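Chemist: So the chains spell out like this:
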Amino acid sequence: MITYRDVSVSFGKFQVLSNVSFHLEKGSILHIVGPNGSGKTTLVKTLVGLLKPTMGTIDIQATRMGYLPQKLNTKTNLPLLVREVIYSGLKKQRLKPTKSDCELIKSWLERMEISHLYNASMIHLSGGQQQRVFIIRALISNPDLLILDEPTSALDPSFREKFYLLLDEIQHETNMTLIHVTHDLTDAVTEKSQVMYVDQHVKFFGPYKDFQHFEHRGHHHD
Amino acid sequence: MIEFLSYSFIQNALIIGVALALSAALLSPFLVLNEQAMIADGLAHVSFAGIILGILLSGEPLWIAIPFVMLASVLIKYLSTTKTMNGDAAIGLVSSVAFAIGLIMIKKGSGFNISIESMLVGNIFTATTIEMILSLFITLLIAIFILVFYRKLLMMTYDLNYARFSKIKVQLLGYMLSGLTAFFIVIGVRTIGTLLISALVVFPSIIASQLSKSFKNTLIIGMISSLVIVIAGIFIAHPLELPVSSSIVSLYAVILIILLIVKSIRRMSA
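Chains S and U, in that order, give the protein sequences.
Going from the first sequence to the working numbering is simple: count from 1 and add 3.
Quick note on numbering: the working numbering labels position 224 of the second sequence as 205, and the sequence is numbered without any gaps.
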């Protein structure tokens, strides 16, 4: 489904990613970890098409992609309802949303335990609520490739656990491919998970149980 | 009142006023809430030069001024996408250079008999039939553009990166939006004037966003307030012999001040 061949990204003289190559099958779950400034978000931006690689080729076979950016929106002067934001995640959008689209939005809000926010203004949401709204925007089009860049950074610990269970459930139902950037693997990891450790280069890519050996050897401190 | 409405120059003024009020309010949220409020002001300065150039070269200045300002809007948009400067710097550069050239043309142009003052404050009561037709035409164009691309423009306004990710042609739509703004501004400069036309674009969504939580209602309330205030402005201006643009902008300012006071009183008592 996704193939990277010798992908490098540089900004001027500064090389952020160097010779990244990997292949991911449909239905895989990949967690991307690495220290701050290691190029994780840059890698995500190349995945979602926001950044062209300086060198190398990227091949992605996906019909619908869902994306949760790392940065939350900071436009505080723009009047906008939660449902208006979520609606923008749907593939087919009309001038006036259909009844079934509204129902779909409501059901997702319920799933994310924020059903009271259907008619709420984005301006008054907390960081965690905003993040849940953006998670719904990423999921609502029923994507076959979902890319989450630190989806739980603003979520409280109890909901974080629920969120990963929900994500796991959706992944089972739909067999979507999931790429997840995180600082903390503990809640997120499942048996099927693969892990990539990035620090400019790909330093590790493989199943989670092998990653534990890699971590114990202390490779990421070199 | 009926006698007032029977004058054809008043009828023309009302038609142009309604057209400009609607166009401005339709453009307003996509510019003002996207930190591009100053593009209207910048293009008004460019229009000043465009119209003078038009007067020098042709019998109907608008045929020169409209493409001239639309080109300038593309240039501003292009400069602001390059990494050399920010959007506001691009507007400042292009508009001041254009204004400077306009002043040189007035000074050096032969047989020039238009007053700078009339260019700066405009006059809606002396508008020509061509200007009226063009104002209706641009309103129709803007309305179609906003209705067709509403969702895409909304996404671009709120979250440009997500719009890019969603494969929306943000560059093309951005150029179209500023091109239409340019067309509107040229007509506006002739009737409302170089100095105050940008207020027509800035006020509607600032007023509406005090009253609305949703983007859709911001657009609708903006249109209603714009219509009411522009028409009221024309009615007040004529008997009091005020410039129409000044009476419209003053009305807007009074309403905004009242809204802000009411809002802060309600916040304090809550």
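Wrong hints could be hidden among the right ones.
Said to hold, decoys possible - Pairwise CB distance ranges, derived in the manner of DEER restraints:
| id | chain 1 | residue 1 | chain 2 | residue 2 | range |
| --- | --- | --- | --- | --- | --- |
| 1 | S | ASP62 | U | ILE242 | 58 to 66 Å |
| 2 | S | CYS105 | U | GLY40 | 13 to 21 Å |
| 3 | U | LEU121 | S | SER118 | 39 to 47 Å |
| 4 | S | LYS74 | U | LEU122 | 31 to 39 Å |
In case anyone wonders, no lab produced these hints; they're calculated from the structure.
All values reported here derive from a predicted model rather than from experimental measurement.
Cβ coordinates follow ideal geometry from the N, Cα and C atoms, glycine included.
Chemist: Tell me the numbers of any earlier hints that the structure contravenes, in ascending order.
Modeler: 2
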